[in-house]
Amino acid sequence: AQSVTQLDSHVSVSEGTPVLLRCNYSSSYSPSLFWYVQHPNKGLQLLLKYTSAATLVKGINGFEAEFKKSETSFHLTKPSAHMSDAAEYFCVVSSFSGTYKYIFGTGTRLKVLA
Amino acid sequence: EAEVAQSPRYKITEKSQAVAFWCDPISGHATLYWYRQILGQGPELLVQFQDESVVDDSQLPKDRFSAERLKGVDSTLKIQPAELGDSAMYLCASSFQPVGGRKEAFFGQGTRLTVV
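Residue numbers (the numbering used here), protein chains in the order written: chain A, 1 to 114; chain B, 1001 to 1116.
In case anyone wonders, no lab produced these hints; they're calculated from the structure.
It is possible that some hints are incorrect.
Said to hold, decoys possible - Straight-line alpha carbon distances no greater than 20 Å define the calculated DMTMM-like cross-link-like pairs of lysine to aspartate or glutamate that follow:
#1 A/Lys49 <-> B/Glu1068
#2 A/Lys101 <-> B/Asp1051
#3 A/Lys68 <-> B/Glu1003
#4 A/Lys42 <-> B/Glu1003
#5 A/Lys42 <-> B/Glu1052
#6 A/Lys42 <-> B/Glu1104
#7 A/Lys58 <-> B/Glu1104
#8 A/Lys101 <-> B/Asp1024
#9 B/Lys1103 <-> A/Glu64
#10 A/Lys49 <-> B/Glu1052
#11 A/Lys42 <-> B/Asp1086
#12 A/Lys101 <-> B/Glu1001
#13 A/Lys49 <-> B/Asp1086
#14 A/Lys101 <-> B/Glu1052
#15 A/Lys42 <-> B/Asp1024
#16 A/Lys111 <-> A/Glu71
#17 A/Lys101 <-> B/Asp1074
#18 B/Lys1103 <-> B/Glu1001
Said to hold, decoys possible - Only some residues are given here: those of chain B computed to face chain A with a beta carbon under 7 Å:
#19 Pro1008
#20 Lys1011
#21 Asp1024
#22 Gly1028
#23 Gly1042
#24 Gln1050
#25 Ser1053
#26 Ala1105
To be verified - If you want the ones that stay clear, here's a sample from chain B, every Cβ over 10 Å from chain A, calculated:
#27 Thr1031
#28 Asp1057
#29 Val1116
C-beta atoms are modelled at their ideal positions from N, C-alpha and C, and glycine is treated no differently.
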């Protein structure tokens, strides 16, 4: 069965400093992995996705993530945090059993300090 | 840009009343998902449709929840009767999955339900 573990429920960074949100996955086959962002009382917006092409994936708003099969990780990074990055971030693995399902991690709340 | 439409955005209802949510997926997306997100947690799948057919409703509390997608386009999720524990964000998503494809899901803005 597929699953994802987000290692930090809360992360605080100062504006202008790097962001690292950690995600480990479990999958019985080559997975598709996604990062979504959710601002308060909003739906989920796709930041980036890995679907077996390049292992370093670039997304919107300066975010990127690296797929590391040996470590079963898909950590999200950004070189310099902006106040507008404060939100909830979800790591998602896609599971196939006849149709595709999306399995969510528990989320990481990012706080950006001025 | 095409979006998943949901209504209403917010709903307050008394317990034991009926409530319904509507979702219109992106045109051409055969797969439609309803998720429930309790405050502070990640979304959990309630029901998944492929066209008009339910392919997974294993986590849907069928004694009070029902979902339909009669023409394989828009969908309605109903709760009757609502309970206090149903207070949550209800998210609809759709995706297009060609053979061998690994596409992302697109989410609507959600319906925030408060049961009082």
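Hint check results:
1. Of the pairs offered as hints, the one joining A/Lys49 and B/Glu1068 is violated, with about 30 Å between alpha carbons and a cut-off of 20 Å exceeded.
2. Only pairs whose Cα atoms come within 20 Å are accepted, and A/Lys101 paired with B/Asp1051 is accepted, the gap being roughly 15 Å.
3. A C-alpha spacing of about 32 Å is found between A/Lys68 and B/Glu1003, which places the hinted pair above 20 Å, so the restraint is violated.
4. A distance of roughly 13 Å separates the Cα atoms of A/Lys42 and B/Glu1003; the hinted pair therefore holds under the 20 Å criterion.
5. Simply put, A/Lys42 and B/Glu1052 have alpha-carbon atoms about 27 Å apart, too far for the 20 Å limit, and the pair is violated.
6. Note on A/Lys42 and B/Glu1104: the hinted pairing holds, with a Cα-Cα distance of about 18 Å set against a maximum of 20 Å.
7. At roughly 15 Å between alpha-carbon atoms, A/Lys58 and B/Glu1104 fall within 20 Å of each other, so this suggested pair holds.
8. Restraint check for A/Lys101 and B/Asp1024: satisfied, since their Cα atoms lie roughly 19 Å apart, inside the 20 Å limit.
9. Distance hint between B/Lys1103 and A/Glu64 is fulfilled; the C-alpha atoms sit about 18 Å from each other, no more than 20 Å.
10. Distance hint between A/Lys49 and B/Glu1052 is unfulfilled; the C-alpha atoms sit about 28 Å from each other, more than 20 Å.
11. Of the supplied pair hints, the one linking A/Lys42 and B/Asp1086 holds, its CA atoms being roughly 18 Å apart against a limit of 20 Å.
12. In summary, the hint linking A/Lys101 to B/Glu1001 is not supported, as the alpha carbons are separated by about 24 Å, beyond the 20 Å threshold.
13. The suggested pairing of A/Lys49 with B/Asp1086 is violated, with an alpha-carbon distance near 31 Å, which exceeds 20 Å.
14. Our distance criterion of 20 Å between C-alpha atoms is met by A/Lys101 and B/Glu1052, whose separation comes to about 17 Å.
15. A distance of roughly 17 Å separates the Cα atoms of A/Lys42 and B/Asp1024; the hinted pair therefore holds under the 20 Å criterion.
16. Straight-line distance between C-alpha atoms of A/Lys111 and A/Glu71 comes to about 26 Å, which puts the hinted pair past the 20 Å bound.
17. For the proposed pair A/Lys101 and B/Asp1074, the alpha carbon gap of about 19 Å is at most 20 Å, so the pair holds.
18. For the given pair, B/Lys1103 sits about 17 Å from B/Glu1001 by alpha-carbon distance, which is consistent with the 20 Å threshold.
19. Interface hint status for B/Pro1008: violated, as the beta-carbon distance to the closest one in chain A is roughly 13 Å, over 7 Å.
20. Look at B/Lys1011: its Cβ only gets to about 13 Å from chain A, farther than 7 Å, so that hint breaks.
21. At about 14 Å, the closest approach between the beta carbon of B/Asp1024 and any beta carbon in chain A exceeds 7 Å, and the interface hint on this residue is violated.
22. For B/Gly1028, the suggested interface contact is broken, since its CB lies about 16 Å from the closest CB of chain A, more than 7 Å.
23. Below 7 Å, beta-carbon pairs count as interface contacts, and B/Gly1042 has one with chain A at about 4 Å; its hint therefore holds.
24. About 6 Å separates the beta-carbon of B/Gln1050 from the nearest beta-carbon of chain A, less than 7 Å, and the hint is met.
25. For B/Ser1053, the suggested interface contact is broken, since its CB lies about 10 Å from the closest CB of chain A, more than 7 Å.
26. This hint holds: B/Ala1105 has a C-beta 5 Å from the nearest C-beta of chain A, less than the 7 Å allowed.
27. Against the 10 Å criterion, B/Thr1031 falls within the reach of chain A, whose nearest CB is about 6 Å from its own CB.
28. At the 10 Å boundary, the C-beta of B/Asp1057 stays outside the reach of chain A, the nearest C-beta of that chain being 12 Å off.
29. Every CB of chain A lies more than 10 Å from the CB of B/Val1116, the least distance being 18 Å, so the non-interface label holds.
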